[in-house]
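Visitor: Sequences listed follow chains A and B, in order.
Each residue of the first sequence is one higher than the one before, counting from 1 in full-length UniProt numbering.
Each residue of the second sequence is one higher than the one before, counting from 1 in full-length UniProt numbering.
There could be a bad hint or two in this list.
Unchecked claim - Okay, derived cross-link-like pairs now, DSBU-like style, lysine-lysine, Cα gap no bigger than 35 angstroms in a straight line:
| no. | chain 1 | residue 1 | chain 2 | residue 2 |
| --- | --- | --- | --- | --- |
| 1 | A | 467 | B | 317 |
| 2 | B | 135 | A | 133 |
| 3 | A | 467 | A | 222 |
| 4 | B | 135 | A | 467 |
| 5 | B | 317 | B | 135 |
| 6 | B | 229 | A | 133 |
Claimed, not checked - Here are some chain B residues pointing at chain A (derived, C-beta under 8 angstroms):
| no. | residue |
| --- | --- |
| 7 | 45 |
| 8 | 220 |
| 9 | 298 |
| 10 | 336 |
Don't read these hints as lab results, they were simulated from the structure.
Each residue gets a CB set at the ideal place from its N, CA and C atoms; glycine is no exception.
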Amino acid sequence: MEFLSLLDVSFFLLAGFGALVGIIFGAIPGMTATMAVAVCLPLTYALGLHHGLALLLGLYVGGISGGMVPAVLLNIPGTPSSITTTFDGYPMARKGEGERALRVSVIASVIGGLISAAVLFLFAPLLADFSIKFSYVEKFLIILLALSVIASLSSNMLVGIFSGVIGIWLSLIGTYSISDGGNGHTRLMFDFMEPYLFEGFSLLPVLIGIFGISTILLESEKGVKNELSDERVKLGKGSHFSFSIFKGRLTNLVRSSFIGTFVGMLPGVGGSAASVLAYTQEKNLSRDSSEMGKGAPQGLIASESANNALTGGALIPLLSLGIPGDSTTAVLIGAFTLQGIQVGPLFIPENTDTWYIMMTALVFANFVMFFVMFYAIKHIAKVVMVPKHILYPLIVMMCVVGGYAINYGIMFDVWTLLIFGVLGYLIQKIGLEVAPLIIGFILGSQAEVYFVKSLESAGTLSIFFTKSPIAVVLWLLIVASVVFSIVLSLKSRAKRRQNSSADPDPV
Amino acid sequence: MSMSSIYKTLGTSVLVAGMAFGSAAAMAADGPLRGNVRVVIGSTSTGGDTYQNSSIVVDALAEKLDLNMKVDAVGASSAFRTLDRDSRGNTLMIFHDQSYLGYLYGVEGYEDIFEKYTIGPTVAINPGNAYLVPKDSPYQTLGDVIEAAGNGQEVRVAIQPGGVSEIGFSALKNAVAIEHPGMEDNLVAVNTGSQADKNQQLFDDQADMINGTVQANEQYTRLPADDQKAMRFLWLTARNSTIEQAPEEGLGQTTREQLLEYVEPNVSVTMGGDENFTFDKEFFFLYNKDMDPAIVEQIDEALSEIYAEGDIQETQKNSFFIPNFKPSDEASEYLAEKMSRYEGIIDNIK
């Protein structure tokens, strides 16, 4: 217990301060946990390793959870991993249940965060050994599993799949890197676009555009009415929160937390796959999933517990293999490098004090995040009461600034934001579906890389079935997921038919 | 989303940090270089050697010149483009041999740095470029690998194509071609990206040897042999004289003495004739061609003073870098000569 002597008041203050600043970063569209950690990285010089880590881990936890705020209230995922939070959060907010939605999300977040911290603490080296059993083939199958959510998310399956394919196509635009098995040239574009699309469309401007800007366009189309008094009534009436929401949701909570931890643990499988995967599984496995996507708390629970569980998960390969599990831990590794500390398979046994310190900071930051968010929500949720003609221009401004900043001042990112804003608006007008499209966009390029790499190393398609028992299990999950969504859509179609025959005069 | 695209947020972030935490120091200098100076680097990683080394140098330089300077991990193509845009001297770049190797290998986004930019001073060497095999590999020495390939056995080597990670592989292939003409295609490159990917290739038995670094792989070499992750160094590409300058305690628990076992003359890769291949990964400044020559001089002078004082060498050595300051003119000539040497190897095996 020598490490206890290393803890002091400033250590906890820094972790708490980190969580607070992280929440703000996460809540501003276009700013992410990764950015928050990167901004404060040079501070670790002055603070020393342990205090520096307290700050950075606080930022990490806060940044990931802060993303839920704009996702729920404004339909803008504050971070890529909170995209599935918009699916149920925003409909709830529109029903006047914004505060309730946020409280559910905060509780799910803290539980996800703590479960993953416990897993990290108890099983890190063991799980690291397990994670290296996932080669290209298994990683491809995990992404395919996450992609199968497209089928169950869409209201019309064919349209949904078509939208998903468009998303994948958009994700493949850019340079096809030699490291990814390509030829190093740009593709899927005309020559004149090369200077702009050299690296493809960047994710965050696309996300913010297609969700945020298009929502604003759709709302604006309805015209600005004075709906202030209306909103106030709604906020009071529907926002009652009680812990009974979590009744019967324990399985969902624990399953999603484990999914989040697990995906976080696999280097190279992006963070957004975690919440998408957890959301799919809840949709497939729960008995009453028909409301998901229309404002069901269970969707929030799945999404938020999974994306916060990512934090502990992503630290597993970082601390027991020296390999970052996601983009934020990739920046975090800099804190060690700058202090001249090697991370690798022997990090934990050789740096036990640092290891305990990190666990303390991680758990403490989760609690701070919980208390700050849970009690501040009442005030944060009032954002929806700001008159739309004031709120929307402010959001657009923030989106544009965030879009410009995300790749340190690339003007094309702002254009991307606006192009996808208009595209998102048009897509919804002509009846395509946004959610499958964006999931296709997020996961498409990874799916390609792992698919090509698997073929490159094995030379035959059968490798996807014969690689390992893990691959077989993943295939079973994929098949189950697809079958579930087909059954689900048949059921809901039958129900609709029943309703329409029962009601002779449908509106 | 690909990780690299997120890493680029770092750029802005560090810039924002710069503005938030340290805008006070600006405009204090007397020399031609003034205002806020942004140092872009050719890597997107803040955990890598380029960021670490640049931080050390830029911190010292900022203090010496009394300027506000910040390192931005923006990645190679962005860094070149940013440098192209700014001839005032408020954007400088630090990168390593990748900057010309990328050009030699024909990677998109790379041009001839000697034509397009002004070469600034070299500052340090990272002596850690290494090749490793699994601990239970049949190859005991690099000679075994060359022999095996020469005798018709396929040896798969995981590298990141188009630069520093590939040059050792190219030299090895060249050596096989010299010693066993016609057999060089038995040395097969397995193209991957990050160090994590290369390690994974070894764990999956998809590669027989990988490119790595002393810094990232040293802990793996200390794992027990029955661990699937255990590795063994076969070759460090650095010159013997470079490793000689490393601290005696080496890195982690691998001493300088042990590291010397993996460099020439203990391990040799022929380039034909008497010459053996070595490769030191060297970090240096790159400037916009139209930048005021007085700034080049100012930075040269400041660095000369910094290196004369001697503290920076200690910091560099503690982080396992070998100090290697050469003023701009000398550096430019030296690096051009270095490039032409490797150009020969790459041409040979085409």
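Visitor: Hint by hint, work out which the structure violates, then give me just those numbers in ascending order.
Guide: Violated hints (numbers, rising): 1, 3, 9, 10; every other hint is consistent with the structure.
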